[in-house]
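A.B. asks: Chains H and X, in that order, give the protein sequences. Counting from 53, one number per residue, gives the positions in the first sequence under our numbering. Counting from 53, one number per residue, gives the positions in the second sequence under our numbering.
Hints in this document: simulated from the structure, not taken from any laboratory. It should be emphasised that the depicted structure is a prediction, and the values quoted were computed from it without experimental measurement. All residues carry an ideal CB built from backbone N, CA and C; glycine is no exception. It is possible that part of the hints are untrue.
[Stated by the list, open to error] Label pairs and their calculated CB-CB ranges: (1) H/Asp-69 with X/Arg-111: 39 to 45 Å; (2) X/Leu-168 with H/Val-106: 43 to 49 Å; (3) X/Thr-128 with H/Glu-135: 30 to 36 Å; (4) X/Arg-111 with H/Ser-61: 24 to 30 Å; (5) X/Gln-132 with H/Asn-55: 26 to 32 Å; (6) X/Arg-149 with H/Lys-109: 21 to 27 Å.
[Claimed, not checked] Reference excerpt, derived from the structure (chain X facing chain H, CB under 8 Å, subset only): (7) Arg-83; (8) Gln-93; (9) Gly-94; (10) Pro-95; (11) Phe-97; (12) Tyr-100; (13) Glu-108; (14) Leu-143; (15) Thr-156; (16) Gln-157; (17) Gly-160; (18) Gly-162.
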Amino acid sequence: GENVEQHPSTLSVQEGDSAVIKCTYSDSASNYFPWYKQELGKGPQLIIDIRSNVGEKKDQRIAVTLNKTAKHFSLHITETQPEDSAVYFCAASIRDTGRRALTFGSGTRLQVQP
Amino acid sequence: DTGVSQNPRHKITKRGQNVTFRCDPISEHNRLYWYRQTLGQGPEFLTYFQNEAQLEKSRLLSDRFSAERPKGSFSTLEIQRTEQGDSAMYLCASSLRTSGDQETQYFGPGTRLLVL
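Just chain X, same shape as in the assembly (with noise of 0.2 Å):
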């Protein structure tokens, strides 16, 4: 398969510990997104990484949430001290930087959290 992979697909967490998420992009693709969706809502964009540099944050991403790309390759997102709100599904998207101004973003199945 050479798709976006993410592990685990599915956590159950009780508030206040800490999890951590792990997407592997599609191979030789440069960038990495990070996206949360609630219940009947479209995704909402959390933070992207160019290779290993992250390069852009959203006001969603609390103190609380972290995020690597450490060889620019995988990624994991850790969030700490997890509450209720944070129950989400969390996706990972990769793209392959292209001289155009944009380029396609392909998802991975996602990771759904629910803490209790």
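Looking at chain H on its own, in the form it has when it is part of the complex (with noise of 0.2 Å):
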């Protein structure tokens, strides 16, 4: 089945820098890659995701690059602010018929100081 990997797990960052968190996929086949950003206490919230026929999406300060042939995509958070501190979780999802489940990465703790 799908795995999907996640770096780095923690990332630490000044207030108005950029993050880049790094996701790999194994399995050629999945065409969709959700971002969620998860709070304490909370369930995860979708963010941006990105579909397998784009190669980068833009949403204000959140960026998100695919790279089909290296099985890879990332996030890009731009001027970072106190309140993106959270944990993100990348996702793929096979293109099975039937099959809808979200593989997830194991995570990273964004920690912006301000």
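Each chain sits in its own coordinate frame; assemble them with the hints.
C.D. replies: Shown next, in the form of structure tokens:
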């Protein structure tokens, strides 16, 4: 089955700096790659997603890039703010009929220092 | 609030007891998912429903686990004869089936289970 690896496990940046989180996936059939933000005691919240027919997607300070050949995708957060501090998860979904499960990475704890 | 809701938010039980969790998806979402998340890890898929049909189950879903979605709306997840290893956050997500390959899954706040 699909395997998603995520790096780094922890990331500390100064407010205003950029943060980059990287993920690799194993199954070339995966075609959907969402990113979730999880705050303490809450469920994951979708922040951005990308499909395999697109190489990059941007939403204000957040962007995601996808390299299908290398099977990796990255989350970029610019002008970080203290409220960006949370755990971020990447995920991938395999393009099999009937398969809808998301396979998640192990998470990155982002700390934005004011 | 029109998001996914889960009840209870917290559950403490003794080993060997049965527990049941409820998930109410976003209105009109026809797909519903259950995931389990242990401390420091990403969510792991357990099972999913399209309307009332359970279409996929993970090997993580042992015989002690059963999930239902009787009317295609809310869902329940029951764990029988709980074990300490069942302690985790149980997350529910819902999505709306579209004509494309994938659709966005929206997660609820989770039910945190502690088995003593």
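A.B. asks: I'd like to know which numbered hints this structure contradicts. Please list them from smallest to largest.
C.D. replies: Result: no hint breaks.
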